[in-house]
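Peer 1: Sequence:
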Amino acid sequence: MIYTSLFGIFCLLFTGYLAKKIKILKQKQSRTFLDFAIIFALPCLIFERVYHLNFDFSLIIVILLGLFSALFSAFCCTLLAMYFNFSKNTLVSIFLLASFGNTLFVGIPIITGIYPQTNFLGEIILYDALATALPVALLAPFIISLASNQKTNFFTNIKKVLTFPPFIALFLGLVCKFFTLPEFIFEPLRMLGASATPIALFAIGLNLGFLSIVASYKSTIIVIFSKMILTPLIFLMLLKFFNFHLNSSLNIAILESAMPTMTLIAAMIMKAKLDTNLAVSAVAFGIIFAFISLPIWVYVLV
Numbered sequence: 004m005i006y007t008s009l010f011g012i013f014c015l016l017f018t019g020y021l022a023k024k025i026k027i028l029k030q031k032q033s034r035t036f037l038d039f040a041i042i043f044a045l046p047c048l049i050f051e052r053v054y055h056l057n058f059d060f061s062l063i064i065v066i067l068l069g070l071f072s073a074l075f076s077a078f079c080c081t082l083l084a085m086y087f088n089f090s091k092n093t094l095v096s097i098f099l100l101a102s103f104g105n106t107l108f109v110g111i112p113i114i115t116g117i118y119p120q121t122n123f124l125g126e127i128i129l130y131d132a133l134a135t136a137l138p139v140a141l142l143a144p145f146i147i148s149l150a151s152n153q154k155t156n157f158f159t160n161i162k163k164v165l166t167f168p169p170f171i172a173l174f175l176g177l178v179c180k181f182f183t184l185p186e187f188i189f190e191p192l193r194m195l196g197a198s199a200t201p202i203a204l205f206a207i208g209l210n211l212g213f214l215s216i217v218a219s220y221k222s223t224i225i226v227i228f229s230k231m232i233l234t235p236l237i238f239l240m241l242l243k244f245f246n247f248h249l250n251s252s253l254n255i256a257i258l259e260s261a262m263p264t265m266t267l268i269a270a271m272i273m274k275a276k277l278d279t280n281l282a283v284s285a286v287a288f289g290i291i292f293a294f295i296s297l298p299i300w301v302y303v304l305v
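Those letters in the sequence shown? Residues 4 to 305, by our numbering.
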């Protein structure tokens, strides 16, 4: 089933990339597609899934272990990168790119292909919220400021998080769990939510570029190794150490930790004028490497 999901991802990415190459669409138009996915479709998906999620406190502990694994792996690989005398901009870029993965738009089609039960989709969304979206919003601006001239304000970042449409949807979904909502209101939400992943993947394909891989192949290899091999390996070891017994929910969390680099982080790095070549190549090569690494992790876990 994972190969069916990977083939679907490849087709959507390739369609976006082809649309750019044959000049049907311009690369800058990808922002419009991403805005629709993030501001309209994704909140609908999050609200509907979180409302129907069977909440388990132990799942939060597992997700936080996954976040720690990613940050620890990124820190270790950043120390390794210092051996190659990379610039401060590159070191900060390596840490960010290795810390946060595309747990939603790549994670959803991969994991729902393996676990088609609808309740697992809510767990994917919760993992993304706690291990990706919130840490990115709170930590990434501060980390970027270490290498750039940009000033960061903690309260400004908090305000951005609280007014971010997916976060509002997450909050409302949790609050509304205390009430019984009629099922008919969820049908249009499901229709809009179903468009989030394909539109986002098309937009990512529209953004893809491969020319910069040659210029930053060493740092790209470090990022890919940290994000897609070392992070899930550390996560798995921690779960074993704390005597967790592997089940479907834990397998999903480990697979989420093995997802390729988050596109939004690459965009933030480019906007801050850090290592742009690394940002582009980490996203492009990460998606390609996912076709090799993720089937291996599925074989090991499932």
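Just to be clear, a hint being listed does not mean it is correct.
As the list claims (entries may be wrong) - Here are the computed lysine to any residue pairs in the SDA-like style, where the Cα-Cα straight-line distance is at most 20 Å:
1) Lys-180 to Phe-170
2) Lys-31 to Thr-18
3) Lys-163 to Lys-274
4) Lys-221 to Met-273
5) Lys-221 to Leu-82
6) Lys-243 to Leu-74
7) Lys-274 to Leu-62
8) Lys-276 to Phe-145
9) Lys-180 to Lys-274
10) Lys-276 to Thr-18
11) Lys-180 to Pro-168
What the hints assert, rightly or not - Derived Cβ-Cβ restraints for the label pairs, each shown as a range:
12) Leu-21 to Leu-82: 18 to 26 Å
13) Asn-246 to Asp-38: 42 to 50 Å
14) Leu-137 to Ile-291: 23 to 31 Å
15) Glu-190 to Asn-156: 36 to 44 Å
16) Thr-166 to Leu-142: 14 to 22 Å
17) Gly-212 to Val-303: 39 to 47 Å
18) Leu-82 to Lys-31: 15 to 23 Å
19) Phe-181 to Phe-244: 46 to 54 Å
20) Lys-276 to Asn-57: 41 to 49 Å
21) Arg-34 to Phe-10: 22 to 30 Å
Everything labelled a hint here was simulated from the structure, so no lab data went into it.
Positions of the beta carbon are idealized from the N, C-alpha and C atoms, including for glycine.
Peer 1: All hints are to be evaluated individually against the structure, with a verdict given for each.
Peer 2: Hint by hint, here is what the structure shows:
no. : hint                           : in the structure
1   : Lys-180 to Phe-170             : holds, 16 Å
2   : Lys-31 to Thr-18               : holds, 16 Å
3   : Lys-163 to Lys-274             : holds, 17 Å
4   : Lys-221 to Met-273             : holds, 19 Å
5   : Lys-221 to Leu-82              : holds, 14 Å
6   : Lys-243 to Leu-74              : holds, 19 Å
7   : Lys-274 to Leu-62              : violated, 34 Å
8   : Lys-276 to Phe-145             : holds, 15 Å
9   : Lys-180 to Lys-274             : violated, 38 Å
10  : Lys-276 to Thr-18              : violated, 28 Å
11  : Lys-180 to Pro-168             : holds, 18 Å
12  : Leu-21 to Leu-82: 18 to 26 Å   : violated, 40 Å
13  : Asn-246 to Asp-38: 42 to 50 Å  : holds, 44 Å
14  : Leu-137 to Ile-291: 23 to 31 Å : holds, 28 Å
15  : Glu-190 to Asn-156: 36 to 44 Å : holds, 41 Å
16  : Thr-166 to Leu-142: 14 to 22 Å : holds, 18 Å
17  : Gly-212 to Val-303: 39 to 47 Å : violated, 32 Å
18  : Leu-82 to Lys-31: 15 to 23 Å   : violated, 36 Å
19  : Phe-181 to Phe-244: 46 to 54 Å : violated, 36 Å
20  : Lys-276 to Asn-57: 41 to 49 Å  : holds, 44 Å
21  : Arg-34 to Phe-10: 22 to 30 Å   : holds, 27 Å
Hint compliance for this structure: hints 7, 9, 10, 12, 17, 18 and 19 are broken, all remaining hints hold.
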